[in-house]
Structure formats: structure tokens, C-alpha cells
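Q: Using the hints provided, position chain B relative to the given structure of chain A.
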Amino acid sequence: MSAPLLSIRELGVSFPRKEAPSTTVVEGVSFDIMPGEIVGIVGESGSGKSMTARSVLRLLPKSAELSGSIRFRGREIPEMTDEEIRDMRGALVSMVFQDPMTSFNPVLRIGDQIGEAIALHDRARRGRRALRDRVAKLLALVGIADPAERARSYPHEFSGGMRQRALTAMAVANSPALLIADEPTTALDVTVQDQVLSLLRELNENSGTAILLITHNIAVVASLCRRVIVMYAGRVIEDGPTDEVLTAPRHPYTWSLLQSVPRIDQAGTRLTAIKGQPPDPATPLAGCKFHPRCPWAEQRCGEQEPALSPIGEAHGVRCWLPMNGIAAAAQ
Amino acid sequence: MLPALLRLSLRRALLALPLVLAVIAFTFFLIRLAPGDPAAILAGEAPTPEFLAQVRAEYGLDQPAWRQFVAFLGKAMTGDFGTSIYSKQPVFTVILERFPATVLLTGTAMVIASLIGILLGAASARRAGSRADALISAASLVGYSLPGFWVGQLLILLFAVSLNWLPAGGMVAARGSYTGWRHVEDVAFHMVLPVATLAVFLLTMIARFTRAAMVEALDQDYVLVAEAKGASRRRVLWNHAFRNAAVTTVTVIGLEFGMVLAGAVVVEIVFSWPGLGRLFYDAIHRRDFALLTGAFMFSSLVVIVVNMVSDIGCAMLDPRIRR
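Sequences listed follow chains A and B, in order. In this text, residue positions in the first sequence follow our numbering: the first is 5, and each later residue adds one. In this text, residue positions in the second sequence follow our numbering: the first is 44, and each later residue adds one.
Excised from the complex, chain A in its bound form (with noise of 0.2 Å):
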């Protein structure tokens, strides 16, 4: 088995508050990601997936604290210095954010915002004729029509669409090892969305990026993710091949969820709602985080919270009552 690319270790993010007990919107979250390999990340929002996806650039806001390890290629990125996670950034690992409408520079040309992508990490320091040529060959790869006279275009000349494609030509422009898409899909409509996932697949069969795929809706994991890690409260409560956790989940709270997905097979019946709100980051929580709305809770769930173990081949949950894994395809 070969070293993994990225490597997290007890990831907590917190934001120190005056007087009070910092609020906590990461703990304990710990998982690899293989060279190649792509890995979506589950959960509501505010359940800290963005907030483990920013540690990993250190794009974190101001004032969050951050504990733990995240070792990249062996090196531990916590302790880099401003300069060299600079070049980290957009070179070894890249970023592709949510909402497409914002993360171009409005005042900006789309082909000198990727232009800068690749001019910032570029030793060689290629002409402006060269830098033109790879912008609209990326372009061109992301599918965009008449690339070079695109590349002048302002983005709100772009579609949403478009604008998703060029972000991620603008990610992959330095062919990173790492791309972490947060969201990627969830501001397109469902045609875009499809185009866009396609792109992620082929960007990951073609040059063996590996992929860490953040979102909340659970078609998109089945249809691009070998593996998907779950998080509810700021941890990872499941962990696990994504035919298994899909199909037969082992935490409650992955089977609430997916109860709650609507299917085409079962049109016309209730969608399942989890009772209940995820808890407040703000005030702390005894025992295991679901456990106030966990059907099945006992007493020990409310009063010490379960460690992420072991349960099957490569497969980890966080319940001191996982479920079995057959009775859930049944329900």
C-alpha cells in the first residue's frame, strides 16, 4: 500500500470566544486520501465539512484556531511558513469554492484570473504569449467554446455554468495533486451539475488528481466517490466504501439521512424528516452529538461519546450501537 497523499490526524477547528468556552466546529476528525483516489464529504451544513476542507490550504477565517495534523506528502502543513504554503496553494493543492458567481474578480478578465493562477507558480516564467496559449487550451479542456476570445471575457459576460468550468480549468491550470471542490454543484442547475461532475472524472482519470469532494447531496457522492466520509457536529461519525455506507449504513445518523433522500422508486410516499436540530457548536454537548435526536439512543450515548472504530474492511463508525448493516436495506 503506498503512502497516503494527504493525511489528517485529530483536526479540530475552533473560534475562541471572550468569557465563555470557544465554539468548536471541528473535532477529532482524522481520515487519509490516496494518490488518485476521490473522497466526498457528507453532511448538513455547519457540520465543520468546509471548515476541514479549508484547514487543509490554512484558508481558515482570522480568528479560528486550528489543533492537530495535516500532513501533505509527509509534510506537515500547520507548521509551513507563509511562503511555503503560498506555494503550496494552487500549485499541489487547489481549491474550487461553492458559488461560481463570487469567486471570479468581477472587475478582472477571466483569462488573466487563470492567467494568474499559472504566472504565480511559474519558475520558468513563460511569456505572456505562452501564458495565452495554456489559458485557452484550459478553457478548451473545461469545454468552453472559442477559447481564446472567451479568455477576454469579464465574468458576468460567463453563465454560471461556464463560470463553474472556468474556476475548475483555473484549480487544475497547475496540474495539482490535490483538488478540493467544495460544493462544486450545489449553486448550478441539475444539467450544469452533471457537466461539472463529468469534468471532476475526467480530470481524475486522465492526470490522477485525487479529489475531495465536499457536498451535501448524497447523488452526487454515489455517482463520483469510491469512498465518503459523513459528518454530523463537526466530526466524521462514518467512514467507508461508498456502495457500503449507501447502501447499508452503520450509524443512525447516515441512515436518517439517506432515509430522508427522495427516490424515484418510492414516489408518492413521505419523505422522512430527522427530528430535531443539529446541536449548537456554541453550548457543549455530553456524549455521542446525535444522540438527542438518534431513535435508538440509550443511556451511555447521552453520557460518553463513542470513538471512530473499526467495523468491516475500511470501514469506521462513531455509534456505541451501530446498526447491523442488512436491517437497513430492509426499512
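Take the hints with a grain of salt, since some may be wrong.
[To be verified] Label pairs and their in silico Cβ distance ranges:
hint, chain 1, residue 1, chain 2, residue 2, range
1, A, Q308, B, R276, 41 to 47 Å
2, B, R276, A, P25, 27 to 33 Å
3, B, L158, A, P25, 25 to 31 Å
4, A, P65, B, F142, 48 to 54 Å
5, B, A68, A, P110, 39 to 45 Å
[Unchecked claim] Quick partial rundown of chain A residues pointing at chain B, CB under 8 Å, derived from the structure:
hint, residue
6, S73
7, R93
8, S98
9, T106
10, S107
11, V111
12, L112
13, A121
14, H125
15, D126
16, Y158
Bear in mind the hints are in silico, worked out from the structure with no lab data behind them. Heads up, the beta-carbon is just placed ideally off N, CA and C, and yes, glycines get one too.
A: For chain B alone, coordinates are given in the frame of chain A:
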């Protein structure tokens, strides 16, 4: 199809025309509504009624105001803006003679205020919420609140009277008649205090607005994206945040130009600077209707043109404004 920018400039110029006309009409009648009779001032002390009537007739002051206005417009079309009642010279000539001194004063103040204002605004936006930011904000609020005539006189007291480092007024040394480089030096020396007085106000405005616009820009997604590309802090600040905030800065500079011109009247009086401001001031006291109309018209025109230029500047900075 004309290029978007040229089309925008032409449209703005066309829109400015009725504005200029309205300004002319407004100032023309406003001056005549003000108390004071230029004929009485011209005729000297205790004139005979006959002489007073003669003076009035000479300058057309015996006609109804609307008649005077029509006559003025007719002449203005041919480039004749009337004759100064006091100096008997064509208004246009008198104004053009004084214009360069004012341009030098206000232009220098604007350039210096813009540079320092932008730097201060950017510096405090970058450290938003810090002590340095609070200090800059407080200082600019103070600077913004200080009246120009008071700042000017304080500067004179300190640097000219007490320390005797700089001249208290005028544009050139009274006794030396320098030429060439020495002349430039002499004028620059005399400019320090009036420019500083004028720049303080503008600088604080520019700093405050630039700070606000940059704080907002720094919070945008594209700044995060730029950082994720590996851009340095400085690059993010100037190439991304300031490029967006610049539209606000340029708009403020354009809008504040009118205030600068008004401020120049005060500063020119305090520092005996031989510019348009002094000319206006004297014209008001002499009830020099012709010169006042011309002066108002001219300065309004300058303000309109500067605002047009700033609009076009904004369109150059932000492609979304061009259409």
C-alpha cells in the same frame, strides 16, 4: 458600433449640456436676487441720481432680469461672456488668467490627498478592527471635521510665524524675481501650507471611503479564491481588493472635487493665493455681476467635467458599468 467607452463618454457629455445651461440660468438669477447694487458701488460715494442711472444703463442693469439673461445668452454663444464691471476686462480673460494658479493648488492637493488617502485606507482595511485601524479612523474623523480656514491659520501660526520655516502667503517671494528652476522651487515652497490645508479634508474622505470599500472587498469570495491560488497578501490587497474598491475611491474623488474647489476659495484667501477663489471673493464684494456669473459658470463647468472624467474612470475600472 463605437467602442463602449467612447459611447459612454459621448452620452455623458450630451447629458451634461442641459445641466450646464441650468447652472448658468440659476446662478444668473441668484446673483441678481442678492442684495447690493453694483451701480451704487461703481458710482462711488453719494452719486447723483442721474449719474447712477447712467451707470445702470451702461451695463444694461436698467433692463429686466430676463432681458439681461437673453442678452447674456446671445453673447455667450459667440464666446463673449461679458466684461467685468470692476476691471473692465473681458470676464473670460480675467478667469483664464487666474485659472492656472488654482489648478496648480487644487490639482496638487488632490494628487497628494489621493495617494496618502488610498494608502491609509488600504492600511487600515488590512488591519480592520486593530488598534492601528481605530487610530487611523479616529484621526481621519478629526481631519474631516476641521474647518479649512482654521487649519490654514494654525499652520501659518506654527510654520510661518513661530518657526519661520515656510512663507505665510503668496505664490512667489515678493522680493526675488526668480526664473527657471529657482522659480519652480519658489512656488513649491509657497505651496506647502495651502496644499496641506486643502489636502487634509480630501485625504480623510478618501481614506474613510477607501477603507470601507476595501473592508467589503476583502470579505468577498474572490479574495479567498485569490489566496487559494497562492497569491501573496500584498497581491490580494492591491490586485484584487483595491481593484474593486478603486471604483468607490474614484467616485469620491470626483464628487469631492466640488468641495475642493469651494475649499480653495477659503484657502486662497487665507494664504493670499492669486487664484480663482480670491477672484470670486473680490467679485462678490464688488457686486461684479458679470464676473460672478462667468466665475460660477466656469467653476460649475470644471466640476461637471471632473465628474464626467471620474464616471468614465469608473467605467474603465469596472466592466459592469460599461454598457
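Q: Hint by hint, note whether the structure agrees.
A: To see whether the hints hold, each was checked on the structure:
A hinted range of 41 to 47 Å for the beta carbons of Q308/A and R276/B is consistent with their spacing of about 44 Å. The hint said 27 to 33 Å for the Cβ distance between R276/B and P25/A, and at roughly 31 Å that hint holds. For L158/B and P25/A, the Cβ-Cβ distance of about 47 Å falls outside the hinted range of 25 to 31 Å, so the restraint is violated. Distance hint for P65/A and F142/B: a CB-CB separation of about 52 Å, consistent with the stated range 48 to 54 Å.
Evaluation of the 39 to 45 Å hint for A68/B and P110/A yields a pass: the beta carbon distance comes to about 41 Å. Below 8 Å, beta-carbon pairs count as interface contacts, and S73/A has none with chain B, the closest being about 21 Å; its hint is therefore violated. Among the interface hints, the one on R93/A holds; its C-beta lies about 4 Å from the nearest C-beta in chain B, closer than the 8 Å criterion. With 8 Å as the threshold, the beta carbon of S98/A comes within range of chain B, its nearest partner Cβ sitting at about 7 Å, so the hint holds.
The criterion of a C-beta within 8 Å of any C-beta in chain B is met by T106/A, whose closest approach is roughly 4 Å, and the hint holds. This hint holds: S107/A has a C-beta 5 Å from the nearest C-beta of chain B, less than the 8 Å allowed. With 8 Å as the threshold, the beta carbon of V111/A comes within range of chain B, its nearest partner Cβ sitting at about 5 Å, so the hint holds. Below 8 Å, beta-carbon pairs count as interface contacts, and L112/A has one with chain B at about 7 Å; its hint therefore holds.
Proximity of A121/A to chain B holds as hinted, the smallest CB-CB distance being about 4 Å (cut-off 8 Å). Nearest Cβ of chain B to the Cβ of H125/A: about 6 Å, under the 8 Å cut. The hint holds. The beta carbon of D126/A is not positioned within 8 Å of any beta carbon in chain B (closest approach about 11 Å), and the interface hint is therefore violated. Because the beta carbon of Y158/A sits about 4 Å from the nearest beta carbon in chain B, less than 8 Å, this interface hint is met.
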